[in-house]
Amino acid sequence: MFVPVRLEKRLVPSPVMRIMVPLVSVIMALVFCGIFLAITGRDPLEVYAAMFAGALGSAYGLSETVVKAIPLMLCALGISVAFRMQLWNIGAEGQFYIGAFAATWLPLTFPNLPGYVMIPGMILLGLAAGAMWAFIPAYLRAKSNVNEIITTLMFNYVGILLVDYFVYGPWRDPKGLNFPLTARFADAAILPTFGASRIHIGIVFALVLVFILLVAFKYSRWGYEIRVIGQSERAAAYAGMNIQRSIFYVMLISGAISGLAGMAEVSGIAGRLQPGLSPGYGYTAIIIAWLSKLNPLAIVLVSLLFGVLQVGGYLVQTFGVPATVASMVQGAILFFVVGGEIFINYSIKIASRKEALTEND
Amino acid sequence: MTDQIVSILAATVTAGTPILYAALGELIIERAGIINLGVEGIMLIGAVTGFIVSVVFDNSWLGLLAAMVAGGLITSIHAFLTITLRANQVVSGLALTLFGTGLSGYLGKAYIGIPVTHPFAVQPLPLLKDIPVLGKVLFNHDILVYISFLLVPLLWMFMYRTRPGLLLRAIGENPAAADAIGAKVFVLRYVYVIMGGMLCGVGGAYLSLAYAPSWLENMTAGRGWIAVALVIFALWNPLRAMVGAYLFGGIDALGFHLQVLGVTISPFFLNMMPYLFTIIVLVMVMQRQGGRLTAPGALGIPYDREDR
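Read top to bottom, the protein sequences are chains H and B. Start counting the first sequence at 204; every next residue gets the next number (the working numbering). Start counting the second sequence at 89; every next residue gets the next number (the working numbering).
Chain B with its partners taken away, still in its complex shape (with noise of 0.2 Å):
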């Protein structure tokens, strides 16, 4: 039983780092004052440059930085529509979801089927695996997933602790302010979401290279749109995208497990789970924050210096 337990909990993490990698991505680019629904698509451009660089040269390392660069480069256009063109933010981050999925379906056409030879494999961390039951939880994963352990804590404190992090905040709660005490609003939000973009591509690579290492069309299947829910969830904070991100984690995992037990609900109905729960974490959040968020000041809108 703890057995069946220890491996659930690992599972949770490893299902939770794709979401978990999009959401701070996510988080990036809103708190720089810009709303991307684009996350999905650049998920599966992610995913597909990353596994297409890894069969063609054999080396996932250069496919995780080919999903960081086509994230960035995708995520550009959304970049320069909203802030440059100060385009509706909503209609130009779907935009950029039907366009990374048909891209990625178009691109990836003749590469499903086909294994990648040397996926992120499991390393388990020396000494810290050791360690009764968190060891096997925690520490026996790919390295992309201690690298994410590093994230979260380090986007942290850049956000709450260092200058630049209180510009960051700035630019997207109050751009005119920030303008006024000399920040480039404008370069640094187009700074910022394609940085977010390049860890959205991150999230997608890990699926296709570490957690299900092969490309199928939309496989990331609605996670992009969950990372979306949970930065709201998150309240735009890192440390509870974490929490967030290892629960739908843990709900993935559970349904797969239960799969297994022959437990007889229909698969069907576990695969709904992840999304009913999307639903249910958005209601409570609300209903606790009493409907008004405390989301960025000025997310979602444009900035436009002569309107100062």
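Chain H with its partners taken away, still in its complex shape (with noise of 0.2 Å):
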């Protein structure tokens, strides 16, 4: 082409670029809105001086950061272990809310249970309906190669709408003052908190889970598996490996994941089942798996940074500006870092004029 540069392959990825893309993206993704900061006659370093001081400058900051975070960890390790195998499961935000409602049935129905039946009750009926959530667009892709893309995303529409009606309806607290609330849990129902925090004990399964998939991923024959898949199906075929059940493990475990997200949500933060219990966890969850090049113990880090976002976000609203600057930022960090992938495998050569030349022939 025109530009005297060449793309040179790198025999293998640059370890000091893995490290370097990200970390360059984020800053490159805050200038980025930046410029829309300013466009709109706001002072971009003032409202991201505010979000990262609302967010790290106070004890109670630092406390819903975490907060935060603890969803969007078990999403996004729910994310990761389909996108190693290059099933996009961008349905996280259906099963979180599939898991939340499947585990709100249970105090609703038996309110008097012992908390020892109660949470763990919740945790399995928030882990399988969040799998099952999963299910069918893992059946289809498995059994007639449907887009799982659109087929996840579209049962995110469906879950929320399917939560709506229960909390509009048959699920309304008769003494909430007609808002959509179901009935607040009994004590028994509810996570177990850190001191006088909101930090629940969501971050103990997103921990106990980071050390699982860490272990699987690296030395079991599954997450041996799902990589080879991941990397080219028909190798996989070819050394006899069943792709069809492996599709079908992979988008089931990944569905859980996000479901236990939901359960953890909802008995640990709102106490309660009602509309807006994700403001899209599921989908910055998927930046997150990505930007942690899919890696659990990244996620982890990861996610407190965007809890930092997501906090931050929240509190400038008081200044005026809307919440969804947090959004923004965290779609352009994706933006760059997919971009900034270019720098871990290939190695930028600036080619002499000759060579420009002989090029173009």
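Incorrect hints may appear among the rest.
Pairs of lysine to aspartate or glutamate, EDC-like flavour, derived with a Cα cap of 20 Å [said to hold, decoys possible]:
1. B:Lys197 <-> H:Asp390
2. H:Lys496 <-> H:Glu428
3. H:Lys552 <-> B:Asp230
4. H:Lys212 <-> B:Asp392
5. H:Lys378 <-> H:Asp390
On the chain H side, residues computed to face chain B include the following (Cβ under 7 Å) [stated by the list, open to error]:
6. Tyr342
7. Val361
8. Val528
No wet-lab data here; the hints were simulated from the structure. All C-beta atoms in this analysis are idealised placements derived from N, C-alpha and C, irrespective of residue type, glycine included.
Hey, can you piece these two chains together into the complex? The hints should help.
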């Protein structure tokens, strides 16, 4: 082409770039969105300073950051399982809602269960419902090769509408002044928190999962299989791997983890089912999973960073800045990361003028 | 009763039009070999810029133009990432949707609840409007609907009856071969991706300037994703895309009219219909095609001259 630049494929992906690309991407995304902030008459530095100060400058801000990071972590872990196999499960949002919905059924139906039955029961229901919500897309993908991106996404809308139907209808709290909320859960259905903060033991679920996934991805035959299938379905089939079965396992596990996220949120934070339980955690988690290169440990760190953005975005509303500034920045981060990947796998060579000329022939 | 049916069919056309524009845009992009999952985000950007410009300048045509430009601009990011930087097209498209959702929410915050003074109003076509039944169904709409009627056959003729159209199909089918006969694959892909983005922007603007003249956060409500599914349903053919768009419009219109008629199905379930229908339609297409789609051959694969 016209630019005297050549891309040369690296023999091994550059380890320096692997670290640098995500870091630089975050900074570039802040600059890029700063342009939009400036165009609309706001001082980007002031907005960003307020966001970070709000999320990191006080004990309350810090604990809220962790609170927001918990569902993000869980959903991103779920997504990472599917993405490893190049299965694009973007239905975490719906699986989250259905997990919360199923978990809600237990305390609403049997309010007097003791905590040691209630909480494990809710966990199981959340896991099962999330997996079930991923089942149909998994089935359609495995049997008829129906694009899972579209089916999982469509199920997000259906899941959210289903929850809306219940909280506006059969499950609405008669004492709730007509607000679309279920009755508040009994204390036995509330996840324990750490001290006086709102940080609940959902964080422990996430950390345990990180450990399990790290081991499974690295040492198990299953982890090896999904990596091979992700790289080349044909090679995997040739090696005698059962691809259909793997699609099922991976999607169900992926959905179950997001369902658990919903359970943790409804039980640990909301204490009742309500519309808007998730401000888009399932979508934000896609960015986190990709930014983390699907590495479970990195997902923990990146989720905390995104918790900062989420809390900061929420707090700058008091200055009249819409909270959507957070999702704008998050989307932009993903742009830069995806675009920056070329620097990991290719090195950029400036061609001499002569080379450039011969290239054009 | 006939009146009811006629008004449902007329509503089908208007409800299908935003999806039709977006699906045609996506169809062009995919024909050029690029998967674009950013349609939802592009539509939202189109809807919000179209709305803001219309309100500020009190001119809906200017709003429409702004929506096209904004749609093209935002899509050019996807073009750069996927064509020049050979980025993962699925993830880049998702980024576009997430960014577009966030940016549109940010830009539109101050405009929620404001009416458009001059939205695209219904302009019955003289003579044609008097055809019994068909006149009311097809020719009693706003001008953007009529433009879409023309756009579909024009796009079809362009794709299947002209040399540039052949090249469009070629760069998505086999870019190396197209390159070998002298087509500028990179330039053409940029052109078509950006053009497609402009059409998606129009689809969004149709919502905020004609269909429901107002701005609401996330007002596309998944129509961009339905458009992506529709392109698969259409097997990348504009005529089939039109049929598909009206099918979805029909589901939308039917749900709305059932509510008006007092049918006691919860609106939440009626609202699920288009999403469930999308899945059903995809399954049917996949089964008829035996699980193998005749998608453009190079769809989703970055073109690298050195790999020739």
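For the pair supplied as a hint, Lys197 of chain B and Asp390 of chain H, confirm whether the alpha-carbon distance does not exceed 20 Å. Roughly 38 Å between the alpha carbons, so the hint for Lys197 of chain B and Asp390 of chain H is violated.
Interface restraint verdict for Val528 of chain H against chain B (beta-carbon cut-off 7 Å): holds (6 Å)
Is the interface hint for Val361 of chain H satisfied, with its Cβ closer than 7 Å to some Cβ of chain B? holds (5 Å)
Are the Cα positions of Lys378 of chain H and Asp390 of chain H separated by 20 Å at most? holds (18 Å)
Could you grab the alpha-carbon distance between Lys212 of chain H and Asp392 of chain B and see if it respects the 20 Å cut-off? holds (11 Å)
Quickly compare the C-alpha distance for Lys496 of chain H and Glu428 of chain H to 20 Å and report which way the hint goes. holds (18 Å)
What's the verdict on Lys552 of chain H and Asp230 of chain B, does the C-alpha distance respect the 20 Å limit or exceed it? Measuring from Cα to Cα gives roughly 54 Å; hence the hint is violated.
Report holds or violated for the interface hint on Tyr342 of chain H, using the least CB-CB distance to chain B and a cut-off of 7 Å. Since the shortest Cβ distance to chain B is 10 Å, the answer is violated.
In this structure, the earlier hints numbered 1, 3 and 6 are contradicted, and the remaining ones agree with it.
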